[in-house]
Amino acid sequence: MALTQQTMTDEQRKSVALEYLKAFDHGGVTSTGGSILDLFADDAQVFFPKWGLATGKEQIGRLFTEVGGTIKRIEHHYAGFNWIFSGSDVLVCEGASHGEHRDGPWRAGVPEWGAGRWCDVFEIRDWKIQRCFIYLDPDYAGQDTARYPWLADPA
584 MALTQQTMTD EQRKSVALEY LKAFDHGGVT STGGSILDLF ADDAQVFFPK WGLATGKEQI
644 GRLFTEVGGT IKRIEHHYAG FNWIFSGSDV LVCEGASHGE HRDGPWRAGV PEWGAGRWCD
704 VFEIRDWKIQ RCFIYLDPDY AGQDTARYPW LADPA
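Take any residue in the sequence shown, count from 1 to its spot, add 583: that is its number in my numbering.
Take these hints with a grain of salt, some might be off.
[As the list claims (entries may be wrong)] Derived DEER-like restraints, expressed as beta-carbon distance ranges:
1. Q595 / T653: 29 to 37 Å
2. E695 / Q595: 15 to 23 Å
3. E695 / A662: 14 to 22 Å
4. P694 / V673: 42 to 50 Å
5. E641 / D727: 26 to 34 Å
6. G611 / A662: 16 to 24 Å
7. Q713 / G687: 31 to 39 Å
8. D727 / Q642: 19 to 27 Å
9. V675 / L636: 13 to 21 Å
10. P732 / D621: 29 to 37 Å
11. R656 / G635: 22 to 30 Å
What the hints contain is simulated information worked out from the structure, not anything from laboratory work.
For each residue, glycine too, the CB sits at the ideal point set by N, CA and C.
Sequences are here, hints too, so could you generate the full structure?
Laid out in structure tokens, this is it:
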């Protein structure tokens, strides 16, 4: 296997990240009809809270199947994304979403402490996602409140 390093611009890396996020909104299908897994390098890594680290397309597929199986629908709020570019292969996207989890609906900001706000750190090289670390509250329906005393006091 030959090692290649195609130079990519920040906007090109952003386009790959957007394709990935839009694929989630379309049940894991890309704009060309392919699988979301096609966007990843063979040895890519994805981190998801309360799931852990998936390495390689097979484990990433398992992560997406297990987590995605709990989500009935999702819609990302593209107009409000904040993009941070590092000048290297790394970029960060901060955003919001709404949708329906098997335990109930969620919308960023409703309630203010609830799910829907997230941040993804990407490493994209040669038109493939090498790494995607996802930071969010996986309690989409906001049911895990008993363990947090500040949520028990509505004031």
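Here's how the hints hold up against the structure:
1. Checked against the given bound of 29 to 37 Å, the beta carbons of Q595 and T653, roughly 32 Å apart, stay inside it.
2. For the pair E695 and Q595, the beta carbons lie near 35 Å from each other, so the given range of 15 to 23 Å is not met.
3. Hint check: E695 to A662, Cβ distance near 20 Å, so the stated range 14 to 22 Å holds.
4. Hint check: P694 to V673, Cβ distance near 32 Å, so the stated range 42 to 50 Å is violated.
5. Under the hint 26 to 34 Å, the C-beta atoms of E641 and D727, about 30 Å apart, fit the expected range.
6. For the pair G611 and A662, the supplied restraint of 16 to 24 Å holds, since their beta-carbon distance comes to about 23 Å.
7. Here the CB-CB span from Q713 to G687 is close to 34 Å, well matched to the stated 31 to 39 Å.
8. Roughly 25 Å separates the CB atoms of D727 and Q642, a value that falls within the hinted 19 to 27 Å.
9. Between V675 and L636, the C-beta spacing of about 18 Å keeps the proposed range 13 to 21 Å intact.
10. The supplied range of 29 to 37 Å is broken by P732 and D621, whose beta-carbon atoms lie about 45 Å from each other.
11. Taken as a hint, the range 22 to 30 Å holds for the pair R656 and G635, whose Cβ atoms sit roughly 25 Å apart.
Hint check: violations occur at hints 2, 4, 10; the rest are consistent with the structure.
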